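The whole structure should be built from the sequences, with the hints applied where relevant.
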Amino acid sequence: MIKLSKKITIKFVGEARNVVGFETLEIELEADNLTVSQLLKMLSEKYRNNLNKLLEHVRENRYVILLDGVNVSYLNGLETIITNMSTMTIVHAAVGG
21 MIKLSKKITI KFVGEARNVV GFETLEIELE ADNLTVSQLL KMLSEKYRNN LNKLLEHVRE
81 NRYVILLDGV NVSYLNGLET IITNMSTMTI VHAAVGG
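The numbering of the sequence shown is the numbering used here, which starts it at 21 and goes up by one.
Derived from the structure by calculation, the hints contain no laboratory data. Quick caveat, the model's predicted, so the values are computed rather than measured. Check each hint, because a few of them may be wrong.
As the list claims (entries may be wrong) - Subject to a maximum C-alpha distance of 27 Å in a straight line, what follows is the list of computed DSS-like cross-link-like pairs (lysine-lysine):
#1 Lys-61 to Lys-31
#2 Lys-26 to Lys-61
#3 Lys-66 to Lys-26
#4 Lys-27 to Lys-66
#5 Lys-66 to Lys-31
#6 Lys-31 to Lys-73
#7 Lys-27 to Lys-73
#8 Lys-27 to Lys-61
Unchecked claim - Taking CB as the label site, the calculated pair distances span:
#9 Asn-72 to Leu-49: 14 to 24 Å
#10 Asn-91 to Asn-53: 12 to 22 Å
#11 Lys-61 to Thr-29: 13 to 23 Å
Each residue gets a CB set at the ideal place from its N, CA and C atoms; glycine is no exception.
In structure tokens, the structure reads:
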């Protein structure tokens, strides 16, 4: 069986960029049916210092995760499957009036 790798781009916008210290991360993974939750866990293990605080805020709904421009809460939440060449964007959830 041949495993194909998935190329995923992760963008950190605005305050998220300030928290992690970088703007874009491109990764290639050999994983089938990878979910947003699994990817976030993998990232937190690799980039502990930079991402743990941000991921804590994601769990508190302070940040919104977009997958190919669509808020994952409108899809299958953190259990949304990531496809090849997807772009995941993490942006601060703006609240105002």
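Query raised in the report: Looking back at the numbered hints, which does the structure fail to meet, lowest number first?
Result: Of the numbered hints, all hold.
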